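The listed protein sequences derive, respectively, from chains A and B. Each step along the first sequence adds one to the number in the working numbering, with nothing skipped, and position 54 is 54. Each step along the second sequence adds one to the number in the working numbering, with nothing skipped, and position 184 is 184.
The hints are simulated quantities; they were obtained by calculation from the structure and are not laboratory data. These numbers were taken from a predicted model, which means no experiment stands behind them. Among these hints, one or two may not hold up.
Unchecked claim - If you anchor each label on the Cβ, the simulated ranges turn out as follows:
| no. | chain 1 | residue 1 | chain 2 | residue 2 | range |
| --- | --- | --- | --- | --- | --- |
| 1 | B | 159 | A | 72 | 48 to 58 Å |
| 2 | B | 225 | A | 13 | 25 to 35 Å |
| 3 | A | 72 | B | 194 | 49 to 59 Å |
| 4 | A | 98 | B | 269 | 20 to 30 Å |
What the hints assert, rightly or not - Partner residues are not named here, just some residues of chain A that face chain B (Cβ under 7 Å, in silico):
| no. | residue |
| --- | --- |
| 5 | 4 |
| 6 | 10 |
| 7 | 55 |
| 8 | 72 |
| 9 | 88 |
| 10 | 91 |
Where is the CB? At the ideal position from N, CA and C, for every residue including glycine.
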Amino acid sequence: MELPLTKLRPGETAVIISTNSPPLNPHKHHHRIRSTTAGSAKIGRHYNFHKRLEDMGLTPGTQIKVVRSAPFHGPLELHVRGSRLALGRGMAERILVRVER
Amino acid sequence: MTKKQITIALAGNANVGKSVIFNHLTGMHQHIGNWPGKTVEKAEGTLKFEDYTIDIIDLPGIYSLSTFSIEELITREYIAKEKPDLVINVIDASVLERNLFFTLQLVELETPIIIALNQMDMAKKKGIEINEIKLEARLGIPVIPTIAPSQEGIHDLLKAAVDVVKKRLPTTTAIRYGEEIENRIQKLEEFVQRFELLYPSRWVAIKLLEGDKQIEEMMEKVGRKALSLAKKLREEIENIHGHSSSTVVTSERYEVAGNIAREVQRIVPPKTPQLRNRLHALTTHRIAGYPIMAAMVLLIFFAIFSFGDYTSGLINDLFLSFEPFFKSVCGGGVLGELLWGGVAEGLIAGITIVLPYLLPFYLALHLLEDSGYLSRIAFLMDNLMHKIGLHGKAFIPMMLGFGCNVSACLGCRILETERERLIAIFVVTLVPCAATTVIVLGLVGAHVGFQWALLLYLVNFLVIFALGRIAFKSLPGEPTGLIMEMHDYRVPHMETVTKQTWFMLKEFVKMAFPLIIVGSFVVKLIQVVNLLEPIADFLSPITVVWMGLPAITGIALIFGILRKELALVMLATLLGTADLSQAPGFGPVQMIVFALVAMLYIPCISTIAVLARELGWRKAWIITIFEVVFAIVMGGLAYRLLIFANIWP
Ligand SMILES: Nc1nc2c(ncn2[C@@H]2O[C@H](COP(=O)(O)OP(=O)(O)OP(=O)(O)O)[C@@H](O)[C@H]2O)c(=O)[nH]1
Ligand SMILES: [Mg+2]
Numbered sequence: 001m002e003l004p005l006t007k008l009r010p011g012e013t014a015v016i017i018s019t020n021s022p023p024l025n026p027h028k029h030h031h032r033i034r035s036t037t038a039g040s041a042k043i044g045r046h047y048n049f050h051k052r053l054e055d056m057g058l059t060p061g062t063q064i065k066v067v068r069s070a071p072f073h074g075p076l077e078l079h080v081r082g083s084r085l086a087l088g089r090g091m092a093e094r095i096l097v098r099v100e101r
Numbered sequence: 001m002t003k004k005q006i007t008i009a010l011a012g013n014a015n016v017g018k019s020v021i022f023n024h025l026t027g028m029h030q031h032i033g034n035w036p037g038k039t040v041e042k043a044e045g046t047l048k049f050e051d052y053t054i055d056i057i058d059l060p061g062i063y064s065l066s067t068f069s070i071e072e073l074i075t076r077e078y079i080a081k082e083k084p085d086l087v088i089n090v091i092d093a094s095v096l097e098r099n100l101f102f103t104l105q106l107v108e109l110e111t112p113i114i115i116a117l118n119q120m121d122m123a124k125k126k127g128i129e130i131n132e133i134k135l136e137a138r139l140g141i142p143v144i145p146t147i148a149p150s151q152e153g154i155h156d157l158l159k160a161a162v163d164v165v166k167k168r169l170p171t172t173t174a175i176r177y178g179e180e181i182e183n184r185i186q187k188l189e190e191f192v193q194r195f196e197l198l199y200p201s202r203w204v205a206i207k208l209l210e211g212d213k214q215i216e217e218m219m220e221k222v223g224r225k226a227l228s229l230a231k232k233l234r235e236e237i238e239n240i241h242g243h244s245s246s247t248v249v250t251s252e253r254y255e256v257a258g259n260i261a262r263e264v265q266r267i268v269p270p271k272t273p274q275l276r277n278r279l280h281a282l283t284t285h286r287i288a289g290y291p292i293m294a295a296m297v298l299l300i301f302f303a304i305f306s307f308g309d310y311t312s313g314l315i316n317d318l319f320l321s322f323e324p325f326f327k328s329v330c331g332g333g334v335l336g337e338l339l340w341g342g343v344a345e346g347l348i349a350g351i352t353i354v355l356p357y358l359l360p361f362y363l364a365l366h367l368l369e370d371s372g373y374l375s376r377i378a379f380l381m382d383n384l385m386h387k388i389g390l391h392g393k394a395f396i397p398m399m400l401g402f403g404c405n406v407s408a409c410l411g412c413r414i415l416e417t418e419r420e421r422l423i424a425i426f427v428v429t430l431v432p433c434a435a436t437t438v439i440v441l442g443l444v445g446a447h448v449g450f451q452w453a454l455l456l457y458l459v460n461f462l463v464i465f466a467l468g469r470i471a472f473k474s475l476p477g478e479p480t481g482l483i484m485e486m487h488d489y490r491v492p493h494m495e496t497v498t499k500q501t502w503f504m505l506k507e508f509v510k511m512a513f514p515l516i517i518v519g520s521f522v523v524k525l526i527q528v529v530n531l532l533e534p535i536a537d538f539l540s541p542i543t544v545v546w547m548g549l550p551a552i553t554g555i556a557l558i559f560g561i562l563r564k565e566l567a568l569v570m571l572a573t574l575l576g577t578a579d580l581s582q583a584p585g586f587g588p589v590q591m592i593v594f595a596l597v598a599m600l601y602i603p604c605i606s607t608i609a610v611l612a613r614e615l616g617w618r619k620a621w622i623i624t625i626f627e628v629v630f631a632i633v634m635g636g637l638a639y640r641l642l643i644f645a646n647i648w649p
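Model the full assembly from the supplied sequences, consistent with the hints where possible.
Below, the structure written as structure tokens:
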């Protein structure tokens with residue numbers, strides 16, 4: 001079954017399909033993310049969250065476990081590659097995963 | 001024997017222990033704590049070893065050499081341009097795979113490196129056993145296991161480092177990617193070799209396949225033709241793999257890191273649930289997490305207040321018993337007045353009012369930082385921070401702002417975009433720093449009541465939230481999101497904590513006390529030549545008429561611009577007593593208004609300087625002037641409200 005990461009239940013493990021899929025319902029949360037280039041400022045100009053996700057080890061094919069989520073659409077706690085990550089919901093919505101249910 | 005000079009840089013992921021090692025090596029005092037992103041600027045220190053003078057560079061922690069955040073830029077440029085003789089790659093043995101991902105990139109940069117396999121104790125606790133000989137063989141790089149806080153392995157590390165520099169060991173061959181990628185890297189590398197490059201050609205080829213903007217810009221200048229070839233090769237890769245070529249390269253690099261990690265480590269997780277994991281679950285719990293956080297903060301403030309209040313009284317009594325003796329030594333007359341009434345009063349006020357609160361404050365902050373709780377709070381607060389256009393990580397510099405706004409403003413560099421840094425820095429300047437806390441607890445807490453001090457904090461938080469929201473709404477741009485590693489809880493390393501606390505106190509005394517002495521002397525001098533009243537009168541439309549404060553507070557508040565606690569110390573000097581409850585015309589209402597204004601009214605002079613550095617003078621002045629006006633408005637309103645409420649008739 002293919003789902004956005006935010007739809008996993010705490011404790012479930014899945015495999016990442018892509019980290020750059022459009023959010024399912026973009027109006028629901030205002031925590032949207034920037035996936036292209038940032039403003040005019042010199043530093044941070046090429047900041048790219050999609051790349052950041054991959055550099056943190058969230059690449060396609062990676063196994064990922066949702067440990068818990070903070071209330072009121074807060075961030076998720078993930079276990080990836082032996083480490084513990086906090087990931088904002090806006091970004092988690094763009095991560096498509098495959099899960100066995 | 002000739003004296004030789006070498007440069008060694010410390011690089012690695014965030015929060016792996018680079019600064020602990022740096023401090024041990026150089027005897028310096030870089031910021032240490034258990035959360036990612038403390039070191040934001042490179043620091044430099046020196047050390048003598050055998051016949052070498054070694055320059056050690058502490059670099060910010062990063063996860064990659066590609067995403068182009070400030071920290072990554074600093075590290076990448078440093079290594080590529082300054083070309084240190086050696087890089088010590090500090091890695092966290094308990095998160096091997098992620099750390100090796102960065103190591104592989106360093107290897108690709110073709111800089112000579114050795115590895116400090118740090119956090120060996122944490123790895124062991126998590127049941128991770130690493131065969132460092134195998135790791136060394138696999139990477140072709142010397143690996144030295146270390147436990148930084150207790151200095152285990154540090155000497156070996158240094159020896160190995162110097163050895164490598166001395167013998168000029170060849171750098172290892174970089175990793176090989178899958179065939180489809182590897183062929184294209186080689187093709188591109190051959191092509192770019194003909195150009196004048198700042199970086200190794202293979203690295204440039206890889207970066208071009210990853211679509212690295214900075215490298216593309218560089219190639220634009222020195223060899224445009226490479227760009228079209230790179231584009232063609234990227235498209236080929238994309239067609240084969242169905243993912244962007246940058247994704248494929250990153251994936252493969254992680255793949256290699258993962259394989260190496262699996263080859264060299266054996267994990268037998270402990271059977272019984274570990275305390276730190278249970279603590280983590282509890283403190284990030286969706287319901288329990290919040291009350292626990294509130295209770296922690298309250299408890300800490302109450303502890304600081306109780307300790308401060310008690311010792312402050314004790315010290316004050318002690319000093320008072322000296323007064324007759326001191327007066328008889330100084331003699332009467334103008335000089336005696338200047339010395340006792342000025343300098344001594346100022347010093348006593350500094351010692352009795354400031355230090356008793358500052359000591360427990362710094363201690364608590366460092367304990368909190370070293371435990372690892374800050375990143376949990378960031379996790380819990382992510383949601384709320386989005387309401388002011390920031391994300392959870394921004395809460396960390398805000399909490400550091402309670403210690404000192406200056407370092408907190410610098411800490412805002414852990415945020416990703418210019419806009420977020422601007423909002424965060426603005427918000428941080430509104431956070432009551434340790435000096436402000438001294439005023440709030442030492443004045444309102446001690447003489448009006450602890451609950452009133454808490455109320456002031458509450459008002460301050462509401463102000464931060466409201467102004468933060470306004471700033472967020474009025475600055476165009478889209479907010480980013482939280483990505484943060486949460487490291488394991490640790491028992492705070494007491495030696496580190498006390499050392500850091502001691503260092504901060506020492507710095508404080510060094511910075512503040514000369515100012516206090518000079519300031520008090522100047523105030524007394526102004527008083528002796530009868531200039532005090534004209535100045536105070538000049539300010540009285542604001543202080544007396546609008547805010548209902550004694551005229552003399554105007555002068556105290558001006559001194560507060562230098563350092564915030566000076567406002568209180570000078571007030572004590574001006575009123576002639578360290579026991580401010582005895583001062584005429586300065587009742588509970590005035591204390592509360594005074595403290596509120598001091599909380600909000602201006603970033604102190606050092607903060608203004610750092611604002612200018614981070615944001616430019618124009619924004620620095622706008623923020624400063626805005627906050628002064630805002631504080632005055634709030635002070636007047638609070639005065640009227642308190643009079644209206646008629647609590648202290
Ligand atoms: N148990 C244990 N703790 C360690 C070890 N090395 C460092 N620490 C702790 O790890 C935390 C991070 O250390 P730092 O030296 O501040 O890390 P850093 O790499 O400079 O971090 P950034 O500047 O944020 O990138 C601190 O709380 C240290 O006390 C170790 O070998 N064992
Ligand atoms: Mg550091």
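Verification of the supplied hints:
no.: 1; hint: 159(B) <-> 72(A): 48 to 58 Å; result: holds, 53 Å
no.: 2; hint: 225(B) <-> 13(A): 25 to 35 Å; result: violated, 47 Å
no.: 3; hint: 72(A) <-> 194(B): 49 to 59 Å; result: holds, 57 Å
no.: 4; hint: 98(A) <-> 269(B): 20 to 30 Å; result: holds, 26 Å
no.: 5; hint: 4; result: violated, 14 Å
no.: 6; hint: 10; result: violated, 9 Å
no.: 7; hint: 55; result: holds, 4 Å
no.: 8; hint: 72; result: holds, 5 Å
no.: 9; hint: 88; result: holds, 3 Å
no.: 10; hint: 91; result: holds, 4 Å
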